[in-house]
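Visitor: Which chain is which? The protein sequence lines are A and B, in order. Every letter in the first sequence is one number past the one before it in my numbering, and letter 86, counting from 1, is 86. Every position in the second sequence, counted from 1, becomes a number in my numbering once 1000 is added.
Hints were generated in silico from the structure; no laboratory data involved. All values reported here derive from a predicted model rather than from experimental measurement. Virtual Cβ for every residue (Gly too), placed ideally from N, Cα, C. Watch out, some of these pointers could steer you wrong.
[Said to hold, decoys possible] Selected chain A positions facing chain B (Cβ under 10 angstroms, derived; list incomplete):
#1 6
#2 10
#3 102
#4 183
#5 184
#6 213
#7 215
#8 428
#9 455
#10 458
#11 465
#12 466
So the chains spell out like this:
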Amino acid sequence: MVFNSLTFLVFLAIVLLLYYRLGHLGQNRMLLVASYVFYGWWDWRFLSLLLFSTFFDYYCALWIEPEHNRARRKLYLAGSMVINMGFLGIFKYFNFFADSLQSLLAVLGMHASLPTLQVVLPVGISFYTFLSMSYTIDVYRGELKATRDPLNFMLYVAFFPHLVAGPIVRASFLLPQCEAPRVVKRDEVVNGVWLILMGLVKKVVIADRLAPVVDWGFSGSAPPFEGLNAWLIIYAFAFQIYGDFSGYSDIARGLSKLMGFELTVNFQAPYLVTNPSRFWQNWHISLSTWLRDYLYIPLGGNRYGLGKTYRNLMLTMLLGGLWHGAGAAYILWGLYHGLLLAGHRWWQSWTGADQPRPAQPAGSPSGWLPRLKGAVMIFLFFHITCIGWLIFRAGSLPPRLNQLLTVENYLRAMFNLGSWGSPHPLVLGLAVLGGVSFLFQWKQAAMNRFYYWPGYWQTLAVISSLAAITFLGVFEGAQFIYFQF
Amino acid sequence: MNISRWMQIVSGLLAVAWLAFAGLGHALDGWLAARLGPALIRLSEGKIPDPGTFFRGRFQDGLWWLTWAWCLLLVGIGLNRWLRSRSWYGQYHWVLNSILGFAGLNLWLLAAGHTNLFWAFMWQGSSTHNLARFYFKETLLPENTKPSQAILMGSSQTRAQIEENLLNQLLGEKLWTTELHYPGSRGYDLLLTLRHLDPGRYKKVICYLSENYFFLSTYSEAFPLFFAARDWPEAFRMGSLKYTSWRPVFYAFLGQAMPLFRFRDVLAQRVLGSSITQLEQTAYNAHLESSLEKRAQEIAPSYRRDAHSQFQMRAFEEFVKECENRGLQVVICCGQLNPVLSRHLDPSLRNEMQGWLRDLQRQHPKLALCFQEDLLVQTEKDYADLTHATLECQNKFTHQLAVWLEKMDAKTNSQQAPLPQTAATHPPIY
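Excised from the complex, chain B in its bound form:
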């Protein structure tokens, strides 16, 4: 059988598969949902509310993968045929074919990266890579049909303070929250992450902020992953490139050009296992100073007010504006750090952050702002390390946040009532 015949057969099979999906998909989804639905809802802790939609989505993802791969192969075969007619083809055929193959692989990944099925394959339970976790949840967002939705953004501190599942249990149908944090995020990273997200049903963005977001000058893990071509004009306008080294910019560029590069950590972890890829982090954690007091003394000088902190604040303001443009309400919890660390920080940093957030609220009246002091003042015992709360504390804080969010919604609904009381009238906690 010649290659044209094969092409016809595979194309035909794909067409039949799509037709079958259109005609019988619902029945198959329903059948699977009836059998596996309860287990899926239980395993996903409510994140997949409609198993039928989920199964249909994954079938569609699978078909989309195959179709896209087949289209790329057909284009590759066509290009190869055209190249064969060139006089220089014979000498460099392997170079050309390799370039075509590598480009095809990246194009396929570009499409596959938008499907939940791809990220489901990258799921490794509790050791799932942060990027895979992020994309997995992001690709499920459009399938969520809850009427009122919010997304939770920020750094790992956000995740440590607010338990998404508990929040959803507490608020139920009133507000469904999807946690989309990325570790190490700062003000500018929030802006990049938001720009990366497609508009959806979510109407609120909840952020947990602390001094880390503005005054801690460390490298950004999110920048090379979320900085895209669309961000260049903004980057030049805000001067963001001044605050990052050439490597993340170069990596972001490579990542945009080659999805295989952008997803490399996730894919490497899938292939080699997390015990190898996360070993450096594990070793780093193991060698951390065991005394939190000493660790706080070491890290405290990294918190400072300078041009970089000003930039992060400007970037966060841009983030708020971007949310407004998208019709999203920003809910900010102005949180705290472990008091062990806070004691070593310049207290004026916190005052400055709080004052600046109040100013921001005045400029953007839709912005809802609450302070840690309104909810739950946390003590040293509430922290597992210098920034991350313990599970018990997370539980308490999530309960309080749920109550606060409910009150806030009630006030908003009863219209134009003043926003919840802020810390202005409360004594400082440190």
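The shape of chain A in the complex, shown without the other chains:
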């Protein structure tokens, strides 16, 4: 069941109808059942995995909290991590590592036939395992009290708006909302409706319209165009993945607001930034903060000198890449962003930009020169991000195509300065869809405060969104890209 389907519309209508009629406990019970129905719609067999992971972490936290013996506490935490990572390892990474090992052995002249698993990747497994794991880690660190109510914990893990593609909401943020009675406020409902509409525009208008362009562009091991036009395919993917994933997050937040819940903001304006550090503060925020809090900082963060900072950045981003998928391209994408972050950190330390500065007056930089400089930096960094997206997209190529060769061919075509001819007609549609995508980012802050807009803007925005969904929307679109992660 996907958010942009008729089935989901019926499902949501039933859920909301029941939700507004029930008391707090009834709401939680009903939401839990609804969430399991929502998840089981894909494949009910994977519900057992979700339930096992949920119960295991619930009990691990209960064992960790009263335990004073450090070794035992660590043992319980390790148990939780082994189980969650084990699920990920079996379903997501086993075949990749088996194949890689086989290839390595072949290089060394040893021919081994390692077993591979014929399993389907459960939808959203990376999201709910990370979510569940963060709970036990927080309890272990003493930052969170273990909940005694399994119903609340089950709802926290399985709450359908975030279950399959995030945001990866921390227990300290969502669990209290499950425990206490919720108040559905009018302003939040209005904001929620707008977020759903905006999310649908991003998904069915931007992402699903561009999906065929991207699929077509990556149907061979070389781009269909040379020179500037080769960039068009990468732009298309950049807008597609933004529309797809941030659209999902918006719909998830909007749905939650209709029920009095609040989810963390997952996207700000990721393509309107000037450096990689800001990019990761704006892109998939819930994952980047998860990686920061549970990986980068425990590794030492930036506390032990530049060398170790670079190492920690590289390791964190490498694992971030691997989180997205088991494949060389995802690892390469992680390394690429690790390098960008490390390079940016080096630049900051070299120019002294990481040193504290005297307070600047509030507001955006005034004067045309700083603005122009900002615009140029945004333009440049957007293209640097696009090269990353090229590597990322290669990760989901069909098996017949060599991922690294495709990346190489694309890079050659994109930087083939001799063949920068006239733009392909695709540029018209891309300009329209990309323009809408940038508009959403440019006005990101306002997008979250729809209730406070002047009435005529509200009306105009809703009519435009409805019209765009109606005549530009793709109604037989694919699933959300991030479901596969």
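Starting from the structure of chain A, add chain B where the hints point.
Guide: Quick look at chain B alone, frame taken from chain A:
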């Protein structure tokens, strides 16, 4: 200046514009026709025979757009004023105004979709969307003053076999044909399309039929676009809903309720360009099996005699009856497919189709029937793919059809002469 003053001024301006159109329209049309007429006739390849009428029609369309938009705005303002007096208005004003605005947009499109000017804006040369092409020609039909007219209906195969412009050149004033095909049309689609068309000056409906119309079970592109509220009783009676999935029915319903939805592909193509909207089709075509022989082997099992084919035949019979009720003569060219494909099909399908068409002719004596074999037997070389003829073949076939139509008309005029010889006496071509 307050809003009432603005309303008065705009209403006044519109009234003046209509008066000017009534008084000076002819002079302006004549002036434009004198300057741009020859170019327009040349560009339209004769489809716009009277430039004066064309320009007058477009002025009228434009004025109609503005007037209708203004009327809707006035109604919207009136409703908004009435809603403001309700106690609950303040909380939900944006919801109500958005619904009103969205409904207004659809109502405006409903009216604009009946004007040729709207479809002229959707015209994109050779990459014009099929629906825009269809509506563009349909909205021009009432302006055509030729005394004897016909419409050409069917699937893309019809268009590939018969060249409308050439046919008009050949037949001249005797019969003016407007091609109104819709790709992928089957028997039932022809019925829906005919019902959609307003009666006009055309007195003949020419169809090019092949096994595709009855025995090929593929989804219909025309159904969601042409199925309307008027078709429900017929749909229940004929059981047409059994042969389509819920999605086209739902889309047809949405399309009827919201013209913005019905015209969505055309509008999307206008806004985004055909390179994006037609990319999936282009990619699909590029990945088609290059060997026609293999492609024919793959597709042949989709041609079968079953309940669906029976339904398509019943629907086509309904189409013939509907034509009769409208006083239209149906001219059927029982055509063929690429012999590469025909070789892989059950030959009894073709025999059944031919026999059934003969029976249909016996029941409906006004129906004129000719077989491919009477005109031009086509070989593998005459086809660009499995169903569509090459331009050269199209040219030849159109010439032969023109001759046949002339003969048929001559015989009809000399009254009650037997209809042209059918394939009954000819050897089968496969």
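Visitor: If a hint holds in the structure, say so; if it does not, say that too.
Guide: Going through the hints against the structure:
The criterion of a C-beta within 10 angstroms of any C-beta in chain B is met by residue 6 (chain A), whose closest approach is roughly 8 angstroms, and the hint holds. Annotation: interface hint on residue 10 (chain A) violated; nearest CB of chain B at approximately 13 angstroms, more than 10 angstroms. Hint status for residue 102 (chain A) relative to chain B: violated, with the closest Cβ pair at about 32 angstroms, above 10 angstroms. The criterion of a C-beta within 10 angstroms of any C-beta in chain B is not met by residue 183 (chain A), whose closest approach is roughly 17 angstroms, and the hint is violated.
Of the supplied interface hints, the one on residue 184 (chain A) is violated, with its beta-carbon coming no nearer than about 14 angstroms to a beta-carbon of chain B, more than 10 angstroms. Against a cut-off of 10 angstroms between C-beta atoms, the interface hint on residue 213 (chain A) holds, since the closest Cβ of chain B lies about 6 angstroms away. With 10 angstroms as the threshold, the beta carbon of residue 215 (chain A) comes within range of chain B, its nearest partner Cβ sitting at about 8 angstroms, so the hint holds. A hinted interface residue such as residue 428 (chain A) counts as satisfied when its beta carbon comes closer than 10 angstroms to some beta carbon of chain B; here the least separation is about 4 angstroms, so the hint holds.
At its closest, the beta carbon of residue 455 (chain A) sits 6 angstroms from a beta carbon of chain B; the interface hint therefore holds under the 10 angstroms criterion. For residue 458 (chain A), the suggested interface contact is upheld, since its CB lies about 4 angstroms from the closest CB of chain B, less than 10 angstroms. Given hint, residue 465 (chain A) at the interface with chain B, holds; its Cβ is 9 angstroms from that chain's nearest Cβ, closer than 10 angstroms. The restraint placing residue 466 (chain A) at the interface with chain B holds, with a minimum CB-CB distance near 5 angstroms, inside the 10 angstroms limit.
Hint violations for this structure: numbers 2, 3, 4 and 5, all remaining hints satisfied.
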